[in-house]
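Peer 1: Sequential numbering from 1 applies to the sequence shown in full-length UniProt numbering.
By construction, these hints were calculated from the structure, which means they are not laboratory data.
Possibly wrong hints are sitting among the right ones.
Claimed, not checked - Pairs of lysine-lysine residues, derived as DSS-like cross-links and limited to a Cα-Cα distance of at most 25 Å, are as follows: (1) Lys48 / Lys32; (2) Lys48 / Lys27; (3) Lys134 / Lys169; (4) Lys147 / Lys121; (5) Lys121 / Lys169; (6) Lys169 / Lys99; (7) Lys121 / Lys48.
Computed from a prediction, not measured in an experiment: that's the story for all the values here.
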Amino acid sequence: MNNFEIGDRVSVLDDAIDGEIIKIAGKDIVIKTSEDFVMTFQSEELVKVNNDSLKNLFSSKSLSQVLSEKTEPKKRSFVKEKKSKKEEFVLEVDLHIEKLVPQTRGMSNYDILNIQMDTAKGQLEFAIRNRMQKLVFIHGVGEGVLKSELEFLLSRYDQISFQEASFQKYGFGATAVHIKQNTN
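All chains, full assembly: derive it from the sequences and hints.
Peer 2: See below:
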């Protein structure tokens, strides 16, 4: 038992097709789609679209009322302090040897430490040259040899201060370096 009538607006349940019923033959219902195609479906495949409910929704409101409800509320204006991109960027340098060279076979601890320190010094000089204000050296925990060598290197620069990096972000094995740049 179906409750469809000729002229009803319907939509196909499992497809993006809608249209108007033009013929009913038992369970077969013929519709004319909104693109003017004539198609036949079973009554179980269709659902009636009630256009009257949509008309009633807006009939009591004027167009200006509907549009005023749709507009977004004005945002509060406030002055946001702009930070330069150099202030926001933090150069992170991972000094773990496996990140620096493809293979460590045959290298002594002295060779590994020299590669790590050369990398640290090169990246520090790069940051100073490019007027970066902060960088982080990720050195790991280990026995503390790399960390102490790094601190010795950093202490030789006047315009640099350093401290343990954020534990939440890096854990115990990182040192944050702040570079005081001349503003001349």
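Peer 1: Look at each hint and say if it fits the structure.
Peer 2: Right, here's what the structure says about each hint:
The hinted pair formed by lysine 48 and lysine 32 meets the criterion: a straight-line CA distance of about 14 Å does not exceed 25 Å. Taken as a hint, the lysine 48 and lysine 27 pair is honoured in the structure, with Cα atoms around 15 Å apart against an allowance of 25 Å. Taking the CA atoms of lysine 134 and lysine 169, the gap is near 15 Å; set against the 25 Å cutoff, the hint holds. Our distance criterion of 25 Å between C-alpha atoms is met by lysine 147 and lysine 121, whose separation comes to about 13 Å.
Taking the CA atoms of lysine 121 and lysine 169, the gap is about 23 Å. The hint holds against a cut of 25 Å. Taking the CA atoms of lysine 169 and lysine 99, the gap is about 19 Å. The hint holds against a cut of 25 Å. Restraint check: the Cα-Cα separation between lysine 121 and lysine 48 comes to about 74 Å, which exceeds 25 Å; the hinted pair is violated.
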